[in-house]
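Let the hints inform the model, and build the full structure from the sequences given.
Number of protein chains: 2
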Amino acid sequence: MDEDLKHRSFYPLSVDCVIFGFADNKLNVALIQRKKEPFKNHWAIPGGFIEESETLEQGAQRELLEETNIKDVFLEQVHIFSKPNRDPRGRVISCAFYALVNPKAFNILAGQDASHVKWWPINKLPKLAFDHKLIFDTSLEKLRQSIRIKPIGFELLEEKFTLTEFQKLYEAILDKKIDKRNFRKKAAKMEFIKDSNEITSGKKARPAKLYLFDPVIYKKHSQNGFYFDL
Amino acid sequence: MDEDLKHRSFYPLSVDCVIFGFADNKLNVALIQRKKEPFKNHWAIPGGFIEESETLEQGAQRELLEETNIKDVFLEQVHIFSKPNRDPRGRVISCAFYALVNPKAFNILAGQDASHVKWWPINKLPKLAFDHKLIFDTSLEKLRQSIRIKPIGFELLEEKFTLTEFQKLYEAILDKKIDKRNFRKKAAKMEFIKDSNEITSGKKARPAKLYLFDPVIYKKHSQNGFYFDL
DNA sequence: TCAAAAGTGTTTACCATACACCCATGT
DNA sequence: ACATGGGTGTATGGTAAACACTTTTGA
Numbered sequence: 001m002d003e004d005l006k007h008r009s010f011y012p013l014s015v016d017c018v019i020f021g022f023a024d025n026k027l028n029v030a031l032i033q034r035k036k037e038p039f040k041n042h043w044a045i046p047g048g049f050i051e052e053s054e055t056l057e058q059g060a061q062r063e064l065l066e067e068t069n070i071k072d073v074f075l076e077q078v079h080i081f082s083k084p085n086r087d088p089r090g091r092v093i094s095c096a097f098y099a100l101v102n103p104k105a106f107n108i109l110a111g112q113d114a115s116h117v118k119w120w121p122i123n124k125l126p127k128l129a130f131d132h133k134l135i136f137d138t139s140l141e142k143l144r145q146s147i148r149i150k151p152i153g154f155e156l157l158e159e160k161f162t163l164t165e166f167q168k169l170y171e172a173i174l175d176k177k178i179d180k181r182n183f184r185k186k187a188a189k190m191e192f193i194k195d196s197n198e199i200t201s202g203k204k205a206r207p208a209k210l211y212l213f214d215p216v217i218y219k220k221h222s223q224n225g226f227y228f229d230l
Numbered sequence: 001m002d003e004d005l006k007h008r009s010f011y012p013l014s015v016d017c018v019i020f021g022f023a024d025n026k027l028n029v030a031l032i033q034r035k036k037e038p039f040k041n042h043w044a045i046p047g048g049f050i051e052e053s054e055t056l057e058q059g060a061q062r063e064l065l066e067e068t069n070i071k072d073v074f075l076e077q078v079h080i081f082s083k084p085n086r087d088p089r090g091r092v093i094s095c096a097f098y099a100l101v102n103p104k105a106f107n108i109l110a111g112q113d114a115s116h117v118k119w120w121p122i123n124k125l126p127k128l129a130f131d132h133k134l135i136f137d138t139s140l141e142k143l144r145q146s147i148r149i150k151p152i153g154f155e156l157l158e159e160k161f162t163l164t165e166f167q168k169l170y171e172a173i174l175d176k177k178i179d180k181r182n183f184r185k186k187a188a189k190m191e192f193i194k195d196s197n198e199i200t201s202g203k204k205a206r207p208a209k210l211y212l213f214d215p216v217i218y219k220k221h222s223q224n225g226f227y228f229d230l
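Protein sequence lines, in the order shown, are assigned to chains A and B. In case it helps, our numbering puts the first sequence at residues 1 to 230. In case it helps, our numbering puts the second sequence at residues 1 to 230.
Just so you know, not all the hints are guaranteed correct.
Same chains, same label: a pair holds when it works inside one copy or across any pair of copies.
Derived pair list, reagent style SDA-like, types lysine to any residue, alpha-carbon separation capped at 20 Å [said to hold, decoys possible]:
{"#": "1", "residue 1": "Lys83", "residue 2": "Asp72"}
{"#": "2", "residue 1": "Lys160", "residue 2": "Phe49"}
{"#": "3", "residue 1": "Lys83", "residue 2": "Gly48"}
{"#": "4", "residue 1": "Lys150", "residue 2": "Tyr227"}
{"#": "5", "residue 1": "Lys40", "residue 2": "Leu5"}
{"#": "6", "residue 1": "Lys142", "residue 2": "Ile152"}
{"#": "7", "residue 1": "Lys35", "residue 2": "Ala129"}
{"#": "8", "residue 1": "Lys220", "residue 2": "Asp175"}
{"#": "9", "residue 1": "Lys83", "residue 2": "Glu52"}
{"#": "10", "residue 1": "Lys177", "residue 2": "Ser196"}
{"#": "11", "residue 1": "Lys160", "residue 2": "Glu191"}
{"#": "12", "residue 1": "Lys40", "residue 2": "Asp2"}
{"#": "13", "residue 1": "Lys133", "residue 2": "Arg89"}
{"#": "14", "residue 1": "Lys185", "residue 2": "Glu52"}
{"#": "15", "residue 1": "Lys83", "residue 2": "Met1"}
{"#": "16", "residue 1": "Lys6", "residue 2": "Glu51"}
{"#": "17", "residue 1": "Lys219", "residue 2": "Glu141"}
{"#": "18", "residue 1": "Lys219", "residue 2": "Thr138"}
{"#": "19", "residue 1": "Lys133", "residue 2": "His42"}
{"#": "20", "residue 1": "Lys104", "residue 2": "Ala23"}
{"#": "21", "residue 1": "Lys6", "residue 2": "Pro38"}
{"#": "22", "residue 1": "Lys176", "residue 2": "Ser9"}
I should point out that these hints are in silico values taken from the structure, not numbers from a laboratory.
This is the structure we're talking about:
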């Protein structure tokens, strides 16, 4: 290592992942119950320390897999939390991410440091360890902003989805009712939402058309800025 | 320090500040010329290492003052850059910020590690050290998004400003022409832009009304989400 | 035949856009 | 008087918002 670096202060660096999942028309978050002190038995956002040769993104994916059995999902940086006393063990600087997950695609399992993992509806969270309430609030706010600018909503749905599912997702994230007919008119104008020519089956009601997201068409349109005004 | 922490990997952590300033109807960035290796004589985004008892935000403000003589300005986190080999001296993880500055309020001065500081128009930057081109591009993109969601534009102007200045600022940041009459109609509808009942003087043309930003009124309006559609 | 969710059009009010001339001041 | 930037209104087209009934399926 360079001489210049040797005289600097060094810090342990962690990542914390707010895992959002959409199920039963609700937005949920996966939390773990801690096995160890500090905050033993408290619920917490999964996370852990960065290792020597990985980026923060790689570290976050690794921790996600180790702690919850969730693999290879969409991640976005939210914010760094750096208050010197935010962790009672000593100074830990943490980078928050949110992860977007289709909950049906994974069977969440508690890893070594956790006694349980569980999906919680975002409006009924338990008391959280450390400054994780702040991390959660910041992440949800960031999600609400990003969902209007980028097509991240599709990460929370199945590959093929109905317009009703799509609408309920936006209603859950933005926490407001949206008019069905107006929503569909806007969706129809988004050319990157394509009819898959398939329909649902096995439901107790009229089948619905299934749609797909086309990332190539999206890229073209998003060049000049884009705003999902819903 | 806690036993648990002792066994972790530790990293030097730095901040880099992309300093935006608005002058002569142009958006500029303050860069420093490095005195030392690596990248000796290259132009770079000012920044430095975090100390033991400061947050990243405090560290960024300190570095800004030490390296450029800019003090106590608006700062926003942009992104963390964590590729293990991004710094040839060894692993350095860096958090990028942008700073918004009214250039008339400061006389920028080179600190110890720099031979010069200089404002550069954003479309005529020199070759930059490290991964600072990537950091700059990411920061500009973030600024372009944030300026539509939050009233950060006012940080780049004087306390009292004319509507023409306000318009030129948006044109510079978004890099597009905006119709004067339509812009003014929209500005008139923003209740947090208040007439100061003063006018400019000493110009070679008709004096202009001066306006003020009212943060209290803004807070009220921004609760339900906000989008500067210009 | 009933329950459950899918699907569909019209009207109204507002807002974005495009566009060109007169006004107040300093020199 | 002229150069410089400040300031203003209208017509048009498009889109957001509000609103209720019919259709298709499974039970």
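Handout entry: Intra- versus inter-copy proximity for Glu52 and Lys185 (alpha-carbon distance at most 20 Å)
Key = neither (50 Å within a copy, 55 Å between copies)
Practice task
First find the shortest C-alpha distance between Lys35 and Ala129 inside one copy, then the shortest across copies, and answer within, between, both or neither for a cut-off of 20 Å.
Solution key: within (12 Å within a copy, 45 Å between copies)
Practice task
Tell me, please, which holds for Lys6 and Glu51 at an alpha-carbon limit of 20 Å: within, between, both or neither?
Solution key: This pair counts as both: shortest intra-copy Cα distance 19 Å, inter-copy 14 Å.
Problem - Intra/inter-copy verdict for Lys219 and Thr138 if alpha-carbon distance must be at most 20 Å - result: between (27 Å within a copy, 17 Å between copies)
Handout entry: Identical-chain pair category, Lys133 with Arg89, by Cα at 20 Å
Key = within (18 Å within a copy, 37 Å between copies)
Handout entry: Lys83 and Asp72: within-copy, between-copy, both or neither at 20 Å Cα
Key = between (30 Å within a copy, 19 Å between copies)
Practice task
Pop the pair Lys220 and Asp175 into one bin, within, between, both or neither, using alpha-carbon distances up to 20 Å.
Solution key: between (29 Å within a copy, 19 Å between copies)
Exercise for the section: Classify it for me, Lys40 with Asp2: is the Cα-Cα distance of at most 20 Å met within a copy, between copies, both or neither? Expected result: between (40 Å within a copy, 15 Å between copies)
Practice task
Indicate which option fits the pair Lys150, Tyr227 if close means a Cα-Cα distance not exceeding 20 Å: within, between, both or neither.
Solution key: Both, since 8 Å and 15 Å are each at most 20 Å.
Problem - Alpha-carbon proximity between Lys176 and Ser9, which holds within one copy, between copies, both or neither at 20 Å - result: Neither. Shortest intra-copy (47 Å) and inter-copy (44 Å) distances fail the 20 Å Cα cut-off.
Practice task
Up to 20 Å between alpha-carbons, please classify Lys83 paired with Met1: within, between, both or neither.
Solution key: between (28 Å within a copy, 16 Å between copies)
Practice task
Classify it for me, Lys219 with Glu141: is the Cα-Cα distance of at most 20 Å met within a copy, between copies, both or neither?
Solution key: between (24 Å within a copy, 16 Å between copies)
Figure legend: structure checked against the earlier numbered hints; hints not met, in rising order: 2, 10, 14 and 22.
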